[in-house]
Amino acid sequence: MRKYQVAIILLRDRLHFIYQLQSLFSAYMEFSSYSLEAGIKPYINCDLALVPSQEVGERIRKYLLPHTPVIIVRRTVSREAWERIVMIPSRAEVLVVNTYWQMAIQTISVLYELGLRNVKLIPFDNTKSDSYAHIRYAITVNERDYVPKHIANIIEIGPRLVDVSSLFDILTTLNLVSTETLAILRGHERDMMPLNPGFVEMLNQFHETHASVSGTLDMLDDAALIFDANYHVHIYNKKMAEIFPPSEHQLINLPLVNLFPERLLPMLMDRSPIRDELIHIKGKDYLLSKSLVFHDENLQEGMLLLRARESIESQSDRMAYALRHAGSHTKYSFRDIQGGNANLHRILRLAERAAKSSSDILIEGESGTGKELFVQSIHNASPRADAPFIAFNCAALSGSLMESELFGYEEGSFTGASRKGKHGLFEAASGGTIFLDEISEIPMDMQAKLLRVLQEREIIRVGSVHPIPIDIRIIAATNMDLYELVRQKKFRLDLYFRLNVFNIKIPALRERADDIPELVAFFLKQHGIHTDFPQETMHIFQCYDWPGNIRELKNCMEYMVNIGEGFLPQNLPEHIRLRTDAQIKEPRPATASADFRNELDPMAFPACDATDMLLLKLLYEASNNHQHIGRKRLAEAVSERQGYLSEQSARHRLERLSRLGYVTLARGRGGTTLTVQGLACLREDMH
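Residue numbers for the sequence shown follow the working numbering, so the first one is 1346 and each next one is one higher.
Simulated from the structure, these hints should not be mistaken for lab results. Please note that the accuracy of each hint is not assured.
What the hints assert, rightly or not - Here are the simulated BS3-like pairs of lysine-lysine, each with C-alpha atoms no more than 25 Å apart in a straight line:
no.	residue 1	residue 2
1	Lys1899	Lys1850
2	Lys1584	Lys1635
3	Lys1584	Lys1629
4	Lys1494	Lys1473
5	Lys1977	Lys1962
6	Lys1850	Lys1676
7	Lys1870	Lys1899
8	Lys1676	Lys1701
9	Lys1850	Lys1834
10	Lys1899	Lys1676
11	Lys1767	Lys1635
12	Lys1629	Lys1583
13	Lys1386	Lys1348
14	Lys1583	Lys1348
15	Lys1494	Lys1465
16	Lys1583	Lys1635
Claimed, not checked - Computed Cβ-Cβ distance ranges for the label pairs, DEER-style:
no.	residue 1	residue 2	range
17	Val1906	Glu1786	33 to 39 Å
18	Val1831	Pro1892	21 to 27 Å
19	Val1831	Glu1992	53 to 59 Å
20	Glu1786	Gly1909	35 to 41 Å
21	Lys1407	Met1432	42 to 48 Å
22	Ser1745	Met1612	30 to 36 Å
23	Ser1636	Gln1792	38 to 44 Å
24	Glu1400	Asn1520	24 to 30 Å
25	Arg1616	Pro1918	56 to 62 Å
26	Lys1977	Val1831	52 to 58 Å
27	Asp1475	Glu1382	25 to 31 Å
What you are looking at is a predicted structure, and each value in this text was computed from that prediction instead of being measured. Don't be surprised by glycine CBs; every beta carbon is placed ideally from N, CA and C.
When you get a sec, could you build the whole thing from the sequences and use the hints?
Here it is, written out as structure tokens:
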């Protein structure tokens, strides 16, 4: 990288001046020193001239080439020197000593500009030495020999330091403002007293913003640079520096016309954006993108991105890997499924057996029954547990979008398609499981393509004719009656049977009401609550039909916990209170028993003898009276009405009724409660 030539022109040689600048900027500039006192021969060939004052600047113009920029360097004192100066007693007269009277005046000007107000500063004039006899303090800039001998309190402030504002002017003039050079300025500023503290604050903010933008660009995989309204480089990242090494170019403030080949300039200087334009520079192929920022139709700044071919190929590999693992986080297993209902346990055993196979599975169940919980559990219990798991909702996209999402597409397949094409979710799930939720929503034309996937285990991307083999297991779920949709010709019969190798029907919550106490306890535990749950509310829960199933129960519990007024019936969500006013507060009347029997097939009730039915009736009566009744009290009541029943026999009978799903057994004060199934059995017997 070419170093800038900087000329320092003073009244007389002062090596400390050049040493200061060399210590800061030797990596960017070469300095030469000139003295008016020693004489100067025209012309000084330099990129920049530095002078100590306006007077010197006017005198040296004739020695410079035309258009050479000149900066008047402002100087200040060190923080250490300033701390000693402010210790001078207030109202003292202080002699400021320098080689020349004019230079003493400059030093006084600096001290006053820094805020020194409580002392009187007097410039030293060696023709008036006798007039300083009363002065007891002196400030000098490395000129102790000129200080009158009678002055004992001498503050040596050393050579003055170049102020940070002048250093910034130098960097700006030479187009050298960068994160690195701004960091140099901040380091220098810590040792000196700035003439303009506001400028220093602005500089710090500018550096932080510059560093933040630069750091953000460095996070990109692409080579990036930001240019200003004049198409000069403003900021660039490390990747861009690898293409255009600083040893070849000083990128900051370099015009783009000096950086890129001439053949590319019309495209770069055009006021239109560019997206993935293939270019060849430095012996390599890149995709070039350009974005522009305008204000009132005036260009403010722009950004260039260069992506190398090998980077594109690498990113394609990483994208394929990312797609394979997109949505692959599964957190549920069979242990997370709550409940002891006999029918639920039968279904769980079926699901566990299905998990060990490689067959496709169809899961049916109402909304909120936990279909995805089962799906994730099956995947995690399968040999594919460490492979991708991808969930896709078939109701989320239209047919054409669904096809490109599931099957992927080739480059240029349709308007708006990526030029690089795209992997589909079937490919991403290869080796693992894909979960197609709401399978009933797939359009008929897509059903034929899905059938091919199930039959052939291969897919064809949109815009392609080449099949791609895949190794996936498909688990589909629906809350609709697929067979009824087949009858209505809305779902293909062959697809239905292909999916229906393993059919898992998850029971609605109203069909496993005996699990409600366990579910309630589970949800309370999730909120850190350990308390007895009111029996009257539990009775309502077990009689309510729960159209939203477990999801509705969970939301209900969360509502009551957040309300914080307890778990009594009056604190239930309004929609549950309204639905249960007629059918739960007074449990379903006999006139409604026919509807109720239709919900629970009476032929499915195992036979109960008279003692069992009396136990169910006693539990029903206790529930209506909002009372708990334990095993001992039940045995006594049966003995009073029908004949002796021991507590041990009552326990055995209740356990049997529990296995049948007619009652729920709870430890402690909760006692035994009648389930919806038990209530239906009781009403069937009464009917």
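Structure-based check of all given hints:
1. Between Lys1899 and Lys1850, the direct Cα distance comes to roughly 21 Å. Compliance with the 25 Å bound is thereby established for this hinted pair.
2. The suggested pairing of Lys1584 with Lys1635 holds, with an alpha-carbon distance near 16 Å, which does not exceed 25 Å.
3. For the hint pairing Lys1584 with Lys1629, the CA-to-CA distance comes to about 14 Å; that is within 25 Å, so the pair holds.
4. Of the pairs offered as hints, the one joining Lys1494 and Lys1473 holds, with about 14 Å between alpha carbons and a cut-off of 25 Å not exceeded.
5. For a cut-off of 25 Å, the pair hint linking Lys1977 to Lys1962 stands: about 16 Å separates their Cα positions.
6. Restraint check for Lys1850 and Lys1676: satisfied, since their Cα atoms lie roughly 22 Å apart, inside the 25 Å limit.
7. With a C-alpha separation of about 12 Å, the suggested pair Lys1870 and Lys1899 falls inside the 25 Å cut-off, and the hint holds.
8. Proposed proximity of Lys1676 and Lys1701 is supported: the alpha carbons are some 18 Å apart, at most 25 Å.
9. Distance hint between Lys1850 and Lys1834 is fulfilled; the C-alpha atoms sit about 22 Å from each other, no more than 25 Å.
10. In summary, the hint linking Lys1899 to Lys1676 is supported, as the alpha carbons are separated by about 18 Å, within the 25 Å threshold.
11. The straight-line distance between the Cα atoms of Lys1767 and Lys1635 is roughly 23 Å, inside the 25 Å bound, and the hint therefore holds.
12. For the suggested pair Lys1629 and Lys1583, the alpha carbons sit about 17 Å apart, so the restraint of at most 25 Å is met.
13. Proximity of Lys1386 to Lys1348 is assessed by CA-CA distance (about 23 Å); at most 25 Å being required, the pair is judged to hold.
14. Of the pairs offered as hints, the one joining Lys1583 and Lys1348 holds, with about 21 Å between alpha carbons and a cut-off of 25 Å not exceeded.
15. Between Lys1494 and Lys1465, the direct Cα distance comes to roughly 20 Å. Compliance with the 25 Å bound is thereby established for this hinted pair.
16. Only pairs whose Cα atoms come within 25 Å are accepted, and Lys1583 paired with Lys1635 is accepted, the gap being roughly 18 Å.
17. For the hinted restraint 33 to 39 Å between Val1906 and Glu1786, the CB-CB distance of approximately 34 Å keeps it satisfied.
18. Remark: the range hint 21 to 27 Å for Val1831 to Pro1892 is upheld by a beta-carbon distance near 25 Å.
19. Between Val1831 and Glu1992 the C-beta distance comes to about 54 Å, which sits within the given range of 53 to 59 Å.
20. Remark: the range hint 35 to 41 Å for Glu1786 to Gly1909 is upheld by a beta-carbon distance near 40 Å.
21. At about 46 Å, the beta-carbon gap between Lys1407 and Met1432 stays in the expected band of 42 to 48 Å.
22. A C-beta distance of roughly 34 Å is found between Ser1745 and Met1612, which places it inside the suggested range of 30 to 36 Å.
23. Taking 38 to 44 Å as the suggested C-beta distance range, the pair Ser1636 and Gln1792 conforms, at roughly 43 Å.
24. Checked against the hint of 24 to 30 Å, the C-beta distance between Glu1400 and Asn1520 comes to roughly 28 Å, which is consistent with it.
25. Checked against the hint of 56 to 62 Å, the pair Arg1616 and Pro1918 passes, with Cβ atoms roughly 59 Å apart.
26. Between Lys1977 and Val1831 the Cβ separation comes to about 55 Å, which falls inside the hinted range of 52 to 58 Å.
27. The hinted range of 25 to 31 Å is satisfied by Asp1475 and Glu1382, whose Cβ atoms lie roughly 28 Å apart.
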